[in-house]
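S.K.: Protein sequence lines correspond, in order, to chains R and D.
Each residue of the first sequence is one higher than the one before, counting from 50 in the numbering used here.
Each residue of the second sequence is one higher than the one before, counting from 85 in the numbering used here.
A portion of the hints provided could be inaccurate.
Unchecked claim - Under 8 Å between C-beta atoms, here's a sample of chain D residues computed to sit facing chain R:
| # | residue |
| --- | --- |
| 1 | S175 |
| 2 | H231 |
| 3 | E317 |
Honestly, the hints are just simulated from the structure, not real lab data.
Model, not experiment: these values are computed from the prediction.
A virtual CB, placed ideally from N, CA and C, is assigned to each residue, including glycine.
What follows is the residue order along each chain.
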Amino acid sequence: MSRELLTGWGRTTPSAAEVLHPKTVAELTQMISLAGKRGIIARGLGRSYGDGAQCGGGLVVDTTDIKGVIQEDWEAGSFKVAAGTSLDNLIRYCLPHGWFLPVTPGTRFITVGGAVASDVHGKNHHKDGTFSRYVNSFTIVTPTSTLLATPDINSDIFWATAGGMGLTGILTEVTLSMIRIETAHMLVDIERTQDLDETMSKMEEGDESYRYSVAWLDCLATGKHLGRGILMRGDHAKSTDMSIGLRKFHSRHQSGKQNADTSLLEFNPTVRLQIPSNIPSGLLNRATVKIFNEIWFQKAPRKLLRKLLPLVSFFYPLDSLGNWNRLYGPAGFIQYQFVVPFGAAGELKKAIELIATSKYAAFLAVLKRFGPSGNGLLSFPMSGWTLALDIPLGAPGLAELLNKLDELIAGCEGRVYLTKDSRLTPELLPVMYPRLSEFKEIVKKTDPQGVFTSDLSRRLDLVSH
Amino acid sequence: MLQAAVAERLEDMKDSFGYPQSVLVLGGSSDIAGATLIELVKQRCRTVVLAGRNRDAMGSLATELHSFGATVVDLVDFDAVDVKTHEQIISNIFTKYKNIDLVLIAFGILGNQNEGEEDPLKAVCVAETNFTGAVSTCLWTVKYFKHQGYGTLVVLSSLAAERVRKNNFIYGATKAGLDGFAQGLGDSLVGSGIKVMIVRPGFVLTKMTKGTKSAPMPVTPDVVARSIVKGLELGKEIVWIPPFMRIVMSLVRHLPRPIFRQIKI
Ligand SMILES: Cc1cc2nc3c(=O)[nH]c(=O)nc-3n(C[C@H](O)[C@H](O)[C@H](O)COP(=O)(O)OP(=O)(O)OC[C@H]3O[C@@H](n4cnc5c(N)ncnc54)[C@H](O)[C@@H]3O)c2cc1C
Ligand SMILES: NC(=O)c1ccc[n+]([C@@H]2O[C@H](COP(=O)([O-])OP(=O)(O)OC[C@H]3O[C@@H](n4cnc5c(N)ncnc54)[C@H](OP(=O)(O)O)[C@@H]3O)[C@@H](O)[C@H]2O)c1
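Based on the sequences and whatever the hints tell you, model everything.
M.R.: So, in structure tokens, the structure goes:
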């Protein structure tokens, strides 16, 4: 046990807690009884941007020492893994055998436990839904018991835990189904759009024919370029796709693999560059970000079809930069992600306009269309448009802008993503998450004393004790 | 009647902008504190504890804060000079509210320089309030902040602390002592999750300065309040009001004493 100062990936709102590093599930289970009045919460790889994996003055259980595959069914593609296993490890383990994650966020450095607790989504949400849809069962340790939950057994706890931000207990084992793929490559169509209307209509028309779809928006472009972007859509490349592109691809990458089949599934990415810890705040300001966005936009092809991309560069473009969050300097940054229903396209435009015409340096934003919501009580995705953007802290007035956006979003029955949040007010939470009261009722049963607490739950009154 | 209309919500947490949800003011009837609280309630502050001697003044501030959206405004008896009682008072508040995101040290007296020179006991009272009382309350507060793992302590110092003047040296010295204490305290807490922000206003038009001769460029309490809120958002360690006084005072600080004592300010 050691006292550590913790923050989320955005590096705002630090708080100190006693951090525990259990090596076995038995150790972890015992630790819950050590929780005092300040409570306890699980922490995975700390990739949530806000204060969800912190518990000021209390206990934080680092789950990452309990990892690995416990049981596997290579035929069915079903794997029981320790909750502290990272997606990176899981991909390295399964991909050579032709199995891949059914849903993956924009980084592979998160734990399976964190993926369930935030019920994460990927670029395929409009087709495939969230992570919890592929979870067959999990084991969770609550203050009163250790129990198995599936969508049928203890289903209330199952759906309170999917997206429940660690407040129902600590996940120890998760069984999930992976998907079959033939290659470690993606076949991608890339298209530049000139403005928001074009971006949105292209997505509305074309998304259904792609398994994965996302648009990068230049949130600093204003006027007639407002909402211009780069669409990247595609699917896993089949081995037949590869035989067309393989020669070209391999000669360019000078890969000397003899066996085509294993090389098709090769996955061996490395972190290329570590960002040092002494970058000052202010490096990413409106001027530098504007230049970056411009270059990014101009260098993208106007239209390029069926491009073969390594899976890593399609799903995890940022993962090759270690600790890239340090680029924002000690002041840290906010990631703001919201979703509004399809019917509220006007509000979406208004929000993008407010951001683009403000004085803040919003980095490349990601726009996506979500499919229908799942059953997770606090799960974020729902049918509609979602936008995520990074904004550095340090320019006054940002709080006001984001408050205004909150109101706009809540006003059209949209919501912000809790795993990225560090500033929402408790008043808007029940409006954005109408199933909050059901969630609270279940937590009252699993945790009658209110042992599970995080800085997030304190700030937003997520649980009522 | 105004006391803790026990709210549904019992816990609080500051946000990314350093904006608190729960605030304790020691010196709850201070004009600067009142203006600051209104700005904080306009942000996200919902729970306020006012600790002080003047219940009437704190009561009317409570009404005003409710009208701006505060859900709980609690009044607590507190005397800065009665240091033996501080532990109990502060401990009760932290226990009752579970989290206090920000504590504002706002009590203070100007005293009267001439009277203090005539009757040293009066000077001692200024020192006991502004310095001793603050040392005690800051240290108790930090103990509880450590327990909760985070917290922001805002200390109202003064420009007078930057260089003590001959015609105001009793007050000036107490603030200089307080300012130095708060700087050292803040430095000692780096990495702990606890922040100390020192506020150095010039002449502010409040009941403290009423009837005294105004220094050049007086400001109103809401100017101070807005600077404090901005300082929190930007994570400042020292807030100068007005901001350019940082440069002026760094010159004043380096003036040779024979010259400094000639200047009438
Ligand atoms: C570059 C980047 C891109 C991202 N892209 C996406 C994206 O596309 N889609 C998306 O949905 N998210 C995305 N995220 C967010 C990220 O996927 C989630 O925040 C995820 O929960 C982080 O997992 P973690 O293991 O780091 O958990 P932490 O950040 O450590 O914790 C997050 C939450 O999970 C809880 N938790 C962790 N482990 C357990 C456990 N064993 N039992 C119970 N609760 C637990 C914690 O209590 C906390 O509430 C992205 C993050 C980054 C940094
Ligand atoms: N006004 C300025 O020009 C100026 C400039 C720089 C710094 N400051 C500092 O800012 C702070 C707030 O001052 P202000 O301008 O807001 O003046 P203020 O309205 O007079 O506030 C000071 C408060 O301190 C309280 N107080 C005094 N002695 C106390 C004690 N023993 N116990 C409890 N409370 C006590 C007073 O309460 P009672 O009602 O009980 O007396 C009063 O409400 C002070 O520290 C002051 O030194 C002021």
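S.K.: Against this structure, judge whether each hint is valid.
M.R.: Now the hints, each set against the structure:
{"no.": "1", "hint": "S175", "result": "violated (13 Å)"}
{"no.": "2", "hint": "H231", "result": "holds (6 Å)"}
{"no.": "3", "hint": "E317", "result": "holds (6 Å)"}
Consistency with the previously given hints fails for number 1 only.
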